[in-house]
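**Q** Listed in order, the protein sequences are those of chains S and X.
With the first letter of the first sequence counted as 1, position 299 gets the number 299 in my numbering; the numbers rise by one all the way through.
With the first letter of the second sequence counted as 1, position 47 gets the number 47 in my numbering; the numbers rise by one all the way through.
Worth flagging that the hints you see were computed from the coordinates, not collected in a lab.
Note that CB positions come from ideal geometry on N, CA and C, so glycine has one too.
Careful, some of the hints might be misleading.
Listed next, the in silico DSSO-like pairs over lysine-lysine satisfying Cα-Cα at most 27 Å (straight line) [stated by the list, open to error]:
| no. | chain 1 | residue 1 | chain 2 | residue 2 |
| --- | --- | --- | --- | --- |
| 1 | S | K11 | X | K163 |
| 2 | X | K159 | S | K11 |
| 3 | S | K377 | S | K365 |
What follows is a set of in silico ranges between Cβ atoms, one per label pair, in the way DEER data are often shown [to be verified]:
| no. | chain 1 | residue 1 | chain 2 | residue 2 | range |
| --- | --- | --- | --- | --- | --- |
| 4 | X | S81 | S | D323 | 51 to 59 Å |
| 5 | X | D189 | S | D56 | 49 to 57 Å |
| 6 | X | G201 | S | R38 | 23 to 31 Å |
| 7 | S | L267 | X | S190 | 23 to 31 Å |
| 8 | S | I6 | X | A7 | 22 to 30 Å |
| 9 | S | S269 | X | P77 | 23 to 31 Å |
| 10 | S | T160 | X | S190 | 23 to 31 Å |
| 11 | S | N31 | X | E136 | 19 to 27 Å |
Pulled a few chain S residues facing chain X out of the computed Cβ check, cut under 10 Å [unchecked claim]:
| no. | residue |
| --- | --- |
| 12 | S5 |
| 13 | K172 |
| 14 | N185 |
| 15 | G254 |
| 16 | V255 |
| 17 | L283 |
| 18 | Q298 |
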Amino acid sequence: MSQESILSPRKGAFGAYGGRYVSELLVPALNELEEARRTIVRSSAFKKEFRGMLRDWAGRPTALTYAPNFSKLCNLHVYLKREDLLHGGAHKTNNVVGQGILAKRMGKTRIIAETGAGQHGVATAMIGARMGFETVVYMGARDVERQAPNVKRMQLCGCTVVPVTTGSQTLKDAINEALRDWTANLGNTHYLLGTVCGPDPFPRLVRDFHRVIGKEARAQWAESVGDLPRAVVACVGGGSNALGIFKAFVKDAGVDLVGVEPGGHGLESGAHGATLLRGTPGLLHGARTSVLQDEFGQILEPHSVAAGLDYPGVGPEHAYLRDTGRARYTSVTDDEAIEAFEILARTEGIIPAFEPAHAFAYLMKAVALGDYEAGAKILVNCSGRGDKDLDTYRKLYGHRLAGAGAKMGPLS
Amino acid sequence: MSRANLAAAFAASNQHVSPFLVLGDPTPEISFQLAKAAIELGATMLEVGIAFGDPSADGLAIQRANLRAMNAKATTPVAFSIMKRIHAAFPTIPMNLLVYGNLVHAAGFERFAREAVESGASSLLVPDLMFEEGEELRAVCKTVGLGHAELVGPLSEPKRIRKLAAAVDAYLYLVAFQGVTGARTGAADSIRELVHRTASGVEVPVCVGFGLSTREQIAAVFEAGARVAVVGSYLATAIEAGVNAGPLGDGAQVLAKFRAAFAPLVGAVAQ
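Using the sequences and the hints given, assemble the complete structure.
**A** Structure representation (structure tokens):
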């Protein structure tokens with residue numbers, strides 16, 4: 001019923017995606033940020049401070065870990081880029097360090113952020129504490145309830161957590177609220193957006209702060225494995241961890257780039273967050289991208305067991321990589337992801353977050369699907385650790401532990 | 001063509017108080033009655049919006065108005081049907097349509113613009129489509145004869161205001177406060193200064209909105225050179241009070257609260 005709108009983004013375009021679909025009131029702030037990106041971020045002083053802080057405060061480089069037991073199960077050779085070992089427990093820290101230093105150098109005294117699961121909120125609260133910003137994090141009221149431990153972590157770091165009670169009370173509404181705050185306070189405030197979405201220049205800015213993941217992994221791979229990986233695999237919600245690791249391999253035609261989306265209860269159920277597989281072009285949170293929406297353009301509520309993948313949009317560069325065929329996107333269900341979460345913990349002693357568990361779940365079926373020959377060498381981004389998910393796991397899947405108690409032992 | 005209504009209205013008067021109504025709030029029927037009441041009270045122009053679930057430029061009062069309309073199933077086609085009814089009853093009253101970009105994008109620019117014209121819209125303003133990204137839509141508006149408006153704000157540079165003013169053929173919409181929509185009290189002096197600075201530099205009519213709630217504020221913006229004063233959040237709050245006053249029924253409570261809020265504001269027009 002809907003017709004295609006002919007539209008070419010002017011600012012920060014990735015093919016037909018990206019751009020700046022925002023109110024005129026935000027234009028001064030975006031111009032200021034773009035100017036800062038071109039001058040401050042490219043300066044050697046900034047780069048030196050960024051590298052230093054990633055090393056000394058965040059704990060880079062993170063390891064590249066071969067997973068021998070999980071590899072056997074998958075009939076592949078699987079290497080994990082260990083972003084779960086980064087300070088804060090996820091790749092998110094790379095971005096907040098970059099934007100924190102940038103905001104400081106722009107003379108901002110206040111940072112605001114949105115958060116869904118709370119991971120980006122926690123990372124923002126940490127950098128806010130470290131760098132002396134007044135920090136405010138918007139979080140959907142439903143998420144505040146679901147992710148209570150992360151709310152406490154943010155508060156511990158001195159951050160104000162504002163529950164958002166409008167709309168569906170989840171991540172998309174938290175972003176709307178952060179945009180409203182920014183519009184009203186753009187003089188002293190930097191909006192520390194947490195993923196490769198939003199109006200230009202955010203998709204490029206956030207992506208570039210995460211490039212370190214792929215750069216490190218590529219060098220570590222060359223040193224300890226040899227040839228390039230057959231594929232680089234990562235989960236995709238907003239898409240920042242995936243772009244961070246993909247970018248170092250985009251020019252290597254022989255390396256598959258695979259993004260794994262949250263299939264939720266299955267793509268046919270409608271309860272999923274598979275924006276690239278099932279979305280249509282739309283304007284959301286300042287960018288033209290692939291969006292889960294109804295025929296009239298109302299944004300749909302996504303579903304994933306992984307709160308960090310529970311977003312109705314996706315970074316515009318992913319939509320571009322999909323259309324050009326350079327990256328391939330697939331999905332796994334909640335149940336498949338949870339099974340992989342359990343298996344990685346049991347076979348490797350690594351408890352991944354629910355988000356990267358989607359990438360592991362895909363690897364468990366990749367050979368059977370015929371996507372890769374047995375024994376292929378695969379690099380996967382283990383983008384975060386699973387501590388934050390234990391409460392949810394016990395609530396939703398605790399019975400599986402009880403059933404497997406004799407074999408697995410109690411959780412606590 | 002409905003765009004002519006706007007030119008005729010500006011030729012007839014320099015001062016228009018325009019309510020902003022989310023189409024379908026709180027129901028399609030009562031929404032029509034609200035528009036009718038506003039015009040009967042003296043509104044010479046209407047600003048109407050199509051409900052959107054993610055209205056990121058709006059404050060709480062308008063967000064809730066959007067939500068009420070969505071709960072009443074006021075989709076884009078329903079909104080157009082309400083506009084057609086208003087237009088049939090008041091064929092000379094200009095209706096300026098405010099719609100978030102994704103609703104226009106999803107319908108297809110050209111189809112949306114044509115249907116807007118067929119529904120009696122005089123002009124279109126997309127609050128989340130900044131000027132540089134709006135070229136395609138402006139071209140479509142021109143083709144189908146729909147006026148188009150642009151937003152400017154307190155931080156917009158004079159050069160940029162002139163650039164946007166040169167591109168619009170309906171009016172320039174000045175946001176009186178740097179922030180989201182919402183009724184504010186006081187501040188008449190700073191609004192007057194801002195409106196004067198903006199209106200004196202451009203040829204096109206300037207419409208002022210975002211936060212107007214008193215007769216004094218409206219008188220001040222007219223005095224400073226604005227030709228349209230839009231009242232939105234203040235009226236949305238009145239509608240909400242009516243909705244909360246008891247069972248909706250035929251909307252008598254909603255209409256009463258709305259009339260009580262709007263009538264004194266229309267009196268701000270110099271007779």
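**Q** Report holds or violated for the interface hint on S5 of chain S, using the least CB-CB distance to chain X and a cut-off of 10 Å.
**A** holds, 5 Å
**Q** Is 23 to 31 Å a correct range for the gap between the Cβ atoms of G201 of chain X and R38 of chain S?
**A** holds, 30 Å
**Q** Hey, does the Q298 of chain S contact hint survive, CB to chain X under 10 Å?
**A** holds, 5 Å
**Q** For the pair supplied as a hint, K377 of chain S and K365 of chain S, confirm whether the alpha-carbon distance does not exceed 27 Å.
**A** Distance of about 15 Å is within 27 Å: holds.
**Q** Classify the hint on V255 of chain S as holds or violated, based on whether any CB of chain X lies nearer than 10 Å to its CB.
**A** violated, 34 Å
**Q** Any CB of chain X closer than 10 Å to the CB of K172 of chain S?
**A** holds, 6 Å
**Q** Is the hinted pair K11 of chain S and K163 of chain X satisfied, with a Cα-Cα distance of at most 27 Å?
**A** holds, 18 Å
**Q** Given a hinted range of 23 to 31 Å, is it respected by the beta-carbon distance of T160 of chain S and S190 of chain X?
**A** holds, 28 Å
**Q** Identify whether the interface hint at N185 of chain S stands, where standing means a beta carbon of chain X within less than 10 Å of its own.
**A** holds, 8 Å
**Q** Under 10 Å, Cβ to Cβ, is where G254 of chain S needs to be relative to chain X, so tell me if that hint holds or is violated.
**A** violated, 37 Å
**Q** Regarding L267 of chain S and S190 of chain X, is the given constraint of 23 to 31 Å on their beta-carbon distance met?
**A** Once the Cβ atoms are compared, 53 Å apart, the range 23 to 31 Å for S190 of chain X and L267 of chain S is violated.
**Q** Looking only at beta-carbon atoms, does the pair S269 of chain S, P77 of chain X fall within the given range of 23 to 31 Å?
**A** holds, 27 Å
Hints 4, 7, 15 and 16 from the earlier list are contradicted by this structure; the remaining hints agree with it.
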